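Place chain B on chain A using the hints.
If you're matching them up, the sequences are chains A and B in order.
This note's numbering puts the first residue of the first sequence at 1, with every later residue one more than the last.
This note's numbering puts the first residue of the second sequence at 1, with every later residue one more than the last.
Just so you know, these hints were derived from the structure itself, not from any lab.
Predicted model only: the values in this text are computed from it and were never measured.
Heads up, a few of these hints could be off.
DSSO-like, lysine-lysine: derived pairs with alpha carbons at most 27 Å apart [said to hold, decoys possible]: (1) A:K69 to B:K189; (2) B:K353 to A:K107; (3) B:K353 to A:K49; (4) A:K45 to B:K189; (5) B:K53 to B:K353.
Chain by chain, the residues run as shown.
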Amino acid sequence: MSLEVKLITGRTLHQGASMERLGKESEEYTKSVAVCEMDPADMEKLGVKEGDIVKVATDSGEVFLWAAKSRQAPHEGTIFIPMGPWANALVDAGTNSTGMPDFKGVKARVEPAPEGKVLNAVELVREIYGYNY
Amino acid sequence: MATITDVICPFCGTLCDDIEVVVNGSKIESARHACKIGNSKFLSINDIPRPIKPLIRENGASREASIDEAIAKAAEILSNSKRALLFGWSSTSCEATAVGIEIAEEIGGLIDGTTTVCHGPTVMAVQYVGLPSVTLGEIKNRADLVIYWGANPMHAHPRHLSRYSIFPRGYFRERGQQDRELIVVDVRKTDTAKIANHFIQVEFGKDYELLSALRMIVNGGELEEEEVAGVPKEKIIELADKMMNCQFGILFFGMGLTMSPGKHRNIDNAISLVKNLNRHTKFSIMPMRGHWNVTGFGEVMTWQTGYPFAVDFSRGYARYNPGETSANDVLQREEVDAVLVVASDPVAHFPRKSVAHLARVPMITIAPHHSLTTELSEIFIPSSMVGIEEEGTAYRMDTVPLFTRKVIDPPQGVLSDVEILKRILEKIREMR
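Extracted from the complex, chain A is given alone in its bound form (with noise of 0.2 Å):
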């Protein structure tokens, strides 16, 4: 079962609090950010309850995300991921000739992933990019 949706992410005060005060490496930062922000009523199509985890797709990657019962609904067939690298391995490419990203209204497809593992950030960094030697 999956469920069809627009993904729109952005800033959120333990997105900013955990990145400034322990830093993205830190646990702090991947429990507030590696979440996927969901409408209840998308919850219960989905069978998913707060802290099960998702894999999260669009047309760039996919990543695994717990989910979580959104306090700033209603909002039904959106999902919300906290801006930082989760998000953004979900994001398009291009910028239709402005130079920015479209950040929100990514097409995603959500289904639950109780055999996924949620990547802390460096992890994810690693398993996408490597690096550059």
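Frame of chain A, contents of chain B only:
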């Protein structure tokens, strides 16, 4: 212990200037008045390990290097590049940006800032239609109608509402919040929307239509559709009436407009709406600039190169063409052969395809801490934190410049961004 007052917070574009920092030796005990994010930034001095020596990556491993060696190697990479990108600048001072522009000009490179991934479309729209704006002080003293459109300051600018827009008492708004009305337009019922007097939920990607409908009413036209962008006709008429009949209105807008389909055209329409409203009342508009000194980057770029961001010096003079000369475009076209990152973390905040190219080319990063960008960098030169360990000029979101204070010494041996950049520039000039 010493208390330093009137310190300027170095996190977001609100530049709160009332922070009281309590310093105990080399530690910061507290940052009174700061929001959760600002407080975290000050206290990070105690918690995040600070690299002191530069790191150079060679043969699959990082090794410590002297500052002289790191600067010489950085200068060599930049000097030998055919199309270098100099990126970042929003978390450093205007003085550092000024030196960065000199380096870009010297090597015929590209220079772009985080503007390109926040309010770049706003800057483009302002070039089309201007910007009827004000200072935050005027808003505090006069505004009786405050609109946040596609912006969620409760998360991104946590003290914006309490310092400038809704809660403070102003000269003409003596009762503070009771004398003002707050309207939020967003695709989600955000935490800012929850405290608003009115929330208008717009369909994703339809902001342009809703702005056009409002302009039609404000300009005396009649709305024929029963619903626009998911908003019922009567609600749109009510919103237009509120806008036309306030005494002093302000429209703050954020990434909800700049990053959604339409981008700069959304902003063009929002600014045009505000211009139309000025036939009825006094109304202003302001972008919610996010990264700390991102406004200052644009100011320095404009007075030194004539253009606000995305400038290409490869022809020996400044060229500006967002979509062609902007950071993500040159990275995704794989044109860039070297990158200098200052006070930013594009590996965390750029789309996958852009980061894939960053990982392929030699990258030099100047920043106070390890980051995902330093993970992929060939050279990492640690620097002091502007606004905490270093003075410097920064611009608030309303383009008011403020000189930031130093509250604590940087770790011994760690230089400022300005000094590191000046020494790289000097070395490049020696090589050429």
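Outcome of the hint check:
1. A:K69 to B:K189: Answer holds: K69 of chain A to K189 of chain B is near 13 Å, not above 27 Å.
2. B:K353 to A:K107: 17 Å, holds
3. B:K353 to A:K49: With a Cα-Cα distance of about 32 Å, the restraint between K353 of chain B and K49 of chain A is violated, given a limit of 27 Å.
4. A:K45 to B:K189: With a Cα-Cα distance of about 21 Å, the restraint between K45 of chain A and K189 of chain B holds, given a limit of 27 Å.
5. B:K53 to B:K353: Violated, at about 31 Å.
Going down the numbered hints, you'll see the structure goes against 3 and 5, while the others check out.
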